[in-house]
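Enquirer: Here's the letter readout for the chains.
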Amino acid sequence: MTKFIFDLDGTITKYETLPIIARHFNVEEKINDLTKATVAGQVPFIESFIRRVYILGKLPASEINELLSEVETYDKVVDFIRQHKKNCSIATGNLDCWIEKLSNKIDCECFCSSGQMENDNVIKLTKILKKEDIVRKYKDEGHRVVFIGDGNNDVEAMRMADVAIASGLTHSPAPGVISVANYLVLNEVALCRQLNQLL
Amino acid sequence: MQTAKSVVITCAGIGSRLGLGTTKALIDINGKTLIHWQLDLFKDVDDIRIVVGFEANLVVEEVRKYRPDAIFVYNHDYFNTKTGTSYYLGARDGNEFALEYDGDLLVHPDDIKMLLAKEGEWVAYADKRSEDAVYLSLNEKGEVTGFSRQNGDYEWTGPCCLRRDRIKYSSSNVFNVLEPYIPLPGVKIRACDIDTYGDYQRAIEFIKGWEK
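Top line first, the protein sequences correspond to chains A and B. 1 is the number of the first residue of the first sequence in our numbering; add one for each residue after it. 1 is the number of the first residue of the second sequence in our numbering; add one for each residue after it.
Hints are all accurate, no fakes.
Below 27 Å or equal to it, Euclidean Cα-Cα: the simulated BS3-like pairs (lysine-lysine) are:
| # | chain 1 | residue 1 | chain 2 | residue 2 |
| --- | --- | --- | --- | --- |
| 1 | A | 130 | A | 105 |
| 2 | A | 14 | B | 65 |
| 3 | A | 127 | A | 85 |
| 4 | A | 14 | A | 76 |
| 5 | A | 76 | B | 43 |
| 6 | A | 105 | A | 137 |
| 7 | B | 32 | B | 113 |
| 8 | B | 65 | A | 76 |
| 9 | A | 58 | A | 14 |
| 10 | A | 76 | A | 86 |
| 11 | A | 139 | B | 168 |
| 12 | B | 32 | B | 208 |
Simulated restraints, written as ranges between beta carbons of each label pair:
| # | chain 1 | residue 1 | chain 2 | residue 2 | range |
| --- | --- | --- | --- | --- | --- |
| 13 | A | 2 | B | 172 | 28 to 38 Å |
| 14 | B | 150 | A | 42 | 54 to 64 Å |
| 15 | B | 61 | A | 72 | 23 to 33 Å |
| 16 | A | 86 | B | 110 | 39 to 49 Å |
Derived from the structure by calculation, the hints contain no laboratory data. All C-beta atoms, glycine included, are put in the ideal place defined by N, C-alpha and C.
Required output: the full structure, derived from the provided sequences and hints.
Expert: Following this line, the structure appears as structure tokens:
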């Protein structure tokens, strides 16, 4: 079977989710500084993620969950996922407690990071998703794996996948993504056409 | 018009023989980039696949102005490979038939319409025109029987069309991908290949002829 693994932020959603949370809770400055330093390569991705969770974990998780459930998604991409539920999954570094409602809405298997909760706050990170582990799992099961992503944390998964699609739907994919991609698509029509051709 | 064919435009190369200091896709011909002329020829085709390599970002930015729904295919090893590789990469996850169109080629719009309507596999050729050409020979049925750098009846210009599953990997040229399957049906077209500066000047005259 062909398995399609989708990054969430900017690939299925029309906007990155972390800036939405930061804006809603007025912690934009802190998060933006960290994001800039991460994009510039001054802070490694894992370290950046841990620090972001440290900042955002103190915010009420249920409110974040609610907020992200309303994030606009690419309709055609979500339709493809719903029509081919058995073939599709989401791989996101986001925490389970923040994106549970959004992933339920999209309605397919979702692999994500997780944290320990107390009083509606994340008090400890317990797992950071390595997306390449999901690719390896499906490949070991004998599937052909297609990975669709745009960010630095997608690169290793895309390198390992049988087919790597760089998504430029929301912004230009990271240079590392381009360096391992077989394809680049810039809108939903192109992405869905290629996905259907790969079924 | 909906078509079940994929059109693979191969734009990965360096274009070093032309000497205009840019990838061929971006050279200006009568106020339009070469890739813009080509995209106009295929404006009714759904599955446009642009194989990119050298100066990929510039080609992507130009193409997205006219065809944001194009699928870009990376030939990361463009320096060590040729158009045969780009054809394979561009076609392998596309539709059942893949039309190969060289990024340095201009074909008369009426001939493109005729080629898009043509079923099955075929090879297109033109009267000899370019400075540094590959030639092809025909048999009495009008089928293409061979390619040569020395001599032949016509100039091999492309495009060509093969079933996707017959397009095998090659590090060489598109005509090397076709060779195992000859004889193949031949189609004569009006085309202009742009490899050298002389070809470039001829292309400008060629396009003026379309308006007559």
